[in-house]
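Undergrad: Chain by chain, the residues:
There are 2 protein chains.
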Amino acid sequence: MHAETPTRSPNDAPLTPLRFLARSAEVFPSKPAIIYGERRLSYAEFRDAAERMALAIRARITPGDRVAFVAPNIPELLIAHYAVPLAGGVLVALNPRLSRDETVYILNHCGARLLFVDAEFTPVLGDVRAAVDTLTGVIEIADPEFGPAASPSSGPAGERDLGHTPLEAFLAFGDVVSDAMAHPLVWDIDDERAPISINYTSGTTGKPKGVLYSHRGAYLNSLGEVFHNSFRPDSVYLWTLPMFHCNGWCTTWAVTAAGATHVPLRAVRPATVWAAIDDLGVTNLCGAPTVCSIIANADEAHPLVKPLNITTAGAPPSPTVIEQLERLGITVVHVYGLTEVYGPYTICEYQPEWDLLTSAERAVKIARQGVAMVQAESARVVDSAMGDVPRDGITIGEIVLRGNNVMLGYFNDADATAEAFRGGYFHTGDLAVMHPDGYIEIKDRAKDIIISGGENISTIEVENALVSHPAVLDAAVVGVPHPHWGERPKAYIVLRPGHDASAEEILAATKLLIAGFKVPDYVIFVTDLPRTATGKIMKVTLRAA
Amino acid sequence: MHAETPTRSPNDAPLTPLRFLARSAEVFPSKPAIIYGERRLSYAEFRDAAERMALAIRARITPGDRVAFVAPNIPELLIAHYAVPLAGGVLVALNPRLSRDETVYILNHCGARLLFVDAEFTPVLGDVRAAVDTLTGVIEIADPEFGPAASPSSGPAGERDLGHTPLEAFLAFGDVVSDAMAHPLVWDIDDERAPISINYTSGTTGKPKGVLYSHRGAYLNSLGEVFHNSFRPDSVYLWTLPMFHCNGWCTTWAVTAAGATHVPLRAVRPATVWAAIDDLGVTNLCGAPTVCSIIANADEAHPLVKPLNITTAGAPPSPTVIEQLERLGITVVHVYGLTEVYGPYTICEYQPEWDLLTSAERAVKIARQGVAMVQAESARVVDSAMGDVPRDGITIGEIVLRGNNVMLGYFNDADATAEAFRGGYFHTGDLAVMHPDGYIEIKDRAKDIIISGGENISTIEVENALVSHPAVLDAAVVGVPHPHWGERPKAYIVLRPGHDASAEEILAATKLLIAGFKVPDYVIFVTDLPRTATGKIMKVTLRAA
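Protein chains in written order, with my numbering: chain A, 1 to 545; chain B, 1001 to 1545.
So that you can see chain A by itself, here it is in the shape it has in the complex (with noise of 0.2 Å):
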């Protein structure tokens, strides 16, 4: 690896999370980097399967190719965070709860070259490779811990009915070992501003749009996030929060980095997740305020001697959950970002100062967005001129941000990039005020999104899919709070004259063309919508309603 003589200068060392798993299986080699129920990866075998698959994968595309994956937190996804930038392709995590549609359309936007999914979720996907011309081999990753592969892999080259590969026989192509002689992999990159991978959007205004994360921007984000959730060798991180999600806010590479312990979930349940705090001394975990509603509120709960450290953002965490989980001895940190930002982009640092409160006054402060991290530029609250507000915690602004946390852009789309970076910062579309301390906090979303369990819900998207039905004139949908997912959908409906449907005839149809957690679960039917005079709906009249 290091036998030729490098073309840069001593001095000159591209930015990349790669070398963070480069560097931690030399420096801990045997010790454990992934613990997945009986399975158990040193660091030197989380390398070693990195560069497997990573092998693999370089022999099917070709540099800049997008690879994809269907799949819960599970190893495969995380080694993939490494194997597909390894292999020169570009990673693309799906949440596997979205509709077939909405994973085809994904696909073909981004021209996905592989496709790896969780057995569980092939059926929903059927012959994917039909419906996305760009896909040459689709993968079926059998995970012990859902059950093995639905059917038996057939003929030589382990291919099936659907045209799936086992992920075993992917790995196990015979022209893999030959090329990985005459081509070492190279755990290094020649432009750290190159794309890593593309985090699609909720599609709060529309269709997902791909968001563009830069080697250099995923490392620099990566050491913020070792620093605010004070990750070192010993910490054990559990994986509460999807890997889909902005690569797990980059921890998948700053756990990484730090050579602590991922423990991936495959999904959340309150014993396991207190299953992994007790057995496995878990010292940090991310996810949305139901994570934090989930361990505070679950049989199990207990006090914890060894510290816990929450990071959690998508909405602020109510002070209810702040109090329930510090009576447990449970540290919560409130952060908030974007998939636009890598994830978290503020904290709400602490300040020592809040020990003097109440624990209901340290909790209203907690629950505000905060201050930018260690590595990101100052978040700022401005007027339509781009003129700051005034520190007053009273004068509503947008928040626009602008550093090396900042996207690429939209994959594929520069009027959506260039219509977000207006004024030369990322215009979030979220409403806050900046309090006298400089801190931000969020008063409102400009785009009306939904967030439940953690997921963003975009209303416009909802609404799209009541209005095709034929029955449904006008549709209208705007979050009410869920005291277990935070917020849920509920659809205003208008019916189309002369027709007529059930609340459950509707719902059922809207199910085939969104995810299900999207549905909405209350229906109201009215006979009109209020607008306003440029035709626009009141959401905040609904919500009021």
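Straight line, CA to CA, 30 Å or less: simulated DSS-like cross-link-like pairs of lysine-lysine:
| id | chain 1 | residue 1 | chain 2 | residue 2 |
| --- | --- | --- | --- | --- |
| 1 | A | K207 | A | K443 |
| 2 | B | K1306 | B | K1031 |
| 3 | B | K1207 | B | K1536 |
| 4 | A | K31 | A | K306 |
| 5 | A | K306 | B | K1306 |
| 6 | A | K31 | B | K1306 |
| 7 | A | K207 | A | K539 |
| 8 | A | K539 | A | K511 |
| 9 | A | K443 | A | K539 |
| 10 | B | K1031 | A | K306 |
| 11 | B | K1031 | A | K443 |
| 12 | B | K1207 | B | K1443 |
| 13 | B | K1536 | B | K1511 |
| 14 | A | K31 | B | K1443 |
| 15 | B | K1511 | B | K1443 |
If you are wondering where the hints come from, they were derived from the structure by calculation, not from laboratory data.
We have chain A already, so just place chain B on it with the hints.
TA: Chain B alone, transformed into the frame defined by chain A:
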């Protein structure tokens, strides 16, 4: 500051340590940033002091000009680490213990435009302006911890006989205010690969060389220091390490990045160090093994309750001192680096299984130089053909390094740069072995190794064996010419106060620890060893004796 639309892309923010003070002043405005005797500066005051100094400097230089400091660890030198780059200058921090000739040489070599001198050292420098053509001003800093300036200032502008300007007069020049309003300071830079500082080597191979640090390298090394030192907002950092040495191994910037508290020390005295540890709750300090020895052997030494981490480099700490410190509850982290790599480059990363070792066995492990820091590329040990030596712990090669923590080059010395960078790596001149676990262990400086009868003798190994004798406080070994063997080792030994031992006794004990051919032929008892300001033993002086 944010009023204008940035011309850069929203995702383009050049890396600079300036950001760390800008952020910490925003996030922790009233938190103690600097504690120095009776002086207390909050983070807002630290930033304001940097801006005040920057405005005064900017009015007197053109961008890229060198601004030199001859001072011990006083707050002004720390402030200058932000003020000088903020003013567009390049910081040159000199060892104030250099002779006048050495200082004048460096000032001329870097073409210093401004010189700041602590009042203790103005008498030594005399009329330095006459000796350095490029200098347009000499500013004298009167530190209350040392005493007021030797002579009173005179004249309205505060000019004095030697043309020195008192610091306060320099900062107060009237044009500064209007300049600040017309051109506000920008905590930002255009090019992250531009120089931020020049650190002069101690000139072991002739004249000192000026090592160029970039904003990018300093930023990344700082984040590495934050991680490996576990700097947190509540850390308290004692300045036992000179700031003029590699900008304090970049901890001038790293401690600020974490929002932690700096405690500068004008001089390292056992009573002062222990008072700071006890009264201010010091959590971290760095220094040469001499500092470890001073702390371990102080009359005030006592076991600690609050964790204290000492990071040491310059020479491997002796197992004896490591054991002494561990008994006090102090953790010793051993790092290795050079001026050319921003200070530390490798760290002896602690392995969990070392817990099972005896204290003596563990000390042997901790004394190794270790592995690359998180932000650095892997360190290599190579033979003369740039091939990696076997990982056998025996074969000696040269340590070569590359990556973001390698200097830009030597200032105005293309030949020396090319020589140091041959083969695409920075050549350290340090001879080491690579252990099977990938840990580097230095056997000697290329010029310090003793070759006796064709066998390499590591002077470090012999010194460690000598120091393990209970009567020996300190030891240095050099090679002396021998008609038969070529060279033979000669030891200089400092006895522990109140202890006594003959040369024969000490050598007999040494023979139980190392091979007979490595045992010194000659022993000289001395009361002190000649050391550089950074704690390195000046073997050149001993060899010449």
